[in-house]
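Enquirer: Residue-level listing of the chains:
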Amino acid sequence: MMLGRVQVPQSVKRGEPFEVRVIVQHPMETGFRRDLQGQAIPVNIVDKLACTYGGREVFRTELGTGIAANPYLVFYVVARESGPLEIAWSDDRGQQGRASAMVNVA
Amino acid sequence: MNRRRFLAASASGLAAAAVPAHAQRFQPPQDVAPLIQQITGGAALTASGLAVKLPQLAENGNSVPMQLTVQSSMTAEDHVEALYVIAPRNPRPLVATFHLGPDAGRAEVATRVRLAGTQKVVSIARLNGNRFLVNETEVLVTSAACLDESL
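From first to last, the protein sequence lines stand for chains B and S.
Residue numbering for the first sequence follows the working numbering, beginning at 1 and increasing consecutively.
Residue numbering for the second sequence follows the working numbering, beginning at 1 and increasing consecutively.
Accuracy of the hints is not assured; some may be wrong.
Derived lysine-lysine pairs resembling DSSO-like cross-links, with alpha carbons at most 27 angstroms apart [as the list claims (entries may be wrong)]:
# : chain 1 : residue 1 : chain 2 : residue 2
1 : S       : Lys-120   : B       : Lys-13
2 : S       : Lys-120   : S       : Lys-53
3 : S       : Lys-53    : B       : Lys-48
Computed footprint of chain S on chain B; a stretch qualifies when at least three of its residues, placed anywhere within it, have a C-beta under 8 angstroms from a C-beta of chain S [as the list claims (entries may be wrong)]:
# : stretch
4 : 53 to 62
5 : 83 to 97
6 : 100 to 106
Since the hints were made in silico from the structure, they are not lab data.
Note that this is a predicted model, so its numbers are computed, not measured.
Cβ atoms here follow ideal geometry from the backbone N, Cα and C, with glycine treated the same way.
Model the full structure from these sequences, guided by the hints.
Expert: Here you go:
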């Protein structure tokens, strides 16, 4: 299980976009580095991340080696109803992670 | 060997030696035209409407904050479908793809990227109806990512 956090505003207005901030704890190994023995460190990147809210996928991204370690993302979602906002991601090793936040529509 | 040729030869030798090894390994900017062609499928690119916020000078290429914004109403009739970030000097130029839609409400994405050296970062926005916007932003990177990390 990988660590990650997602943050949404405490209360949002119906029909208006709100900011979602995501950070995933991950080294984002590019595959171009070598360890102390000179062995190549294999590529390990969080390559897919998706956000679902209100039963729909509202945001999806494919990341590459050009994203900094501990990938940080900010994007917007329209507030429709109160409920959980789920983030799911997976890396090249096949490990998966999830994080969620409650959206309170005022 | 006459004096002039000796001087020319030694000067070029010195110049080569003066450039540090890691600088010689700098990735030259690659031709990203095929990649852009793959994204757009040959459609025309409009060089306006996509705003990219990147620092003019990044001290460390390992983590450069970047923000992409498209002035779009994000309705079902007019919205941004995807945003692409391309760094021509990175070993793998396609940095990230973001898929948005009318559910996003606002066409704005921010993240932190790695940049292997000073380069012009190319960002492309795909709008619905096969329309494309492009933005090129030059970033000066003092310490490049991917190169000096051999420990």
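Enquirer: Give a verdict on every hint.
Expert: Cross-check of the supplied hints:
1. S:Lys-120 to B:Lys-13: At roughly 39 angstroms apart (the allowed maximum being 27 angstroms), Lys-13 (chain B) and Lys-120 (chain S) break the hint.
2. S:Lys-120 to S:Lys-53: 13 angstroms, holds
3. S:Lys-53 to B:Lys-48: Measuring from Cα to Cα gives roughly 24 angstroms; hence the hint holds.
4. 53 to 62: holds (count 7)
5. 83 to 97: As far as the stretch 83 to 97 of chain B goes, the hint is violated, because 0 residues have Cβ atoms under 8 angstroms from chain S.
6. 100 to 106: Violated: only 0 residues of the stretch 100 to 106 of chain B have a Cβ under 8 angstroms from chain S.
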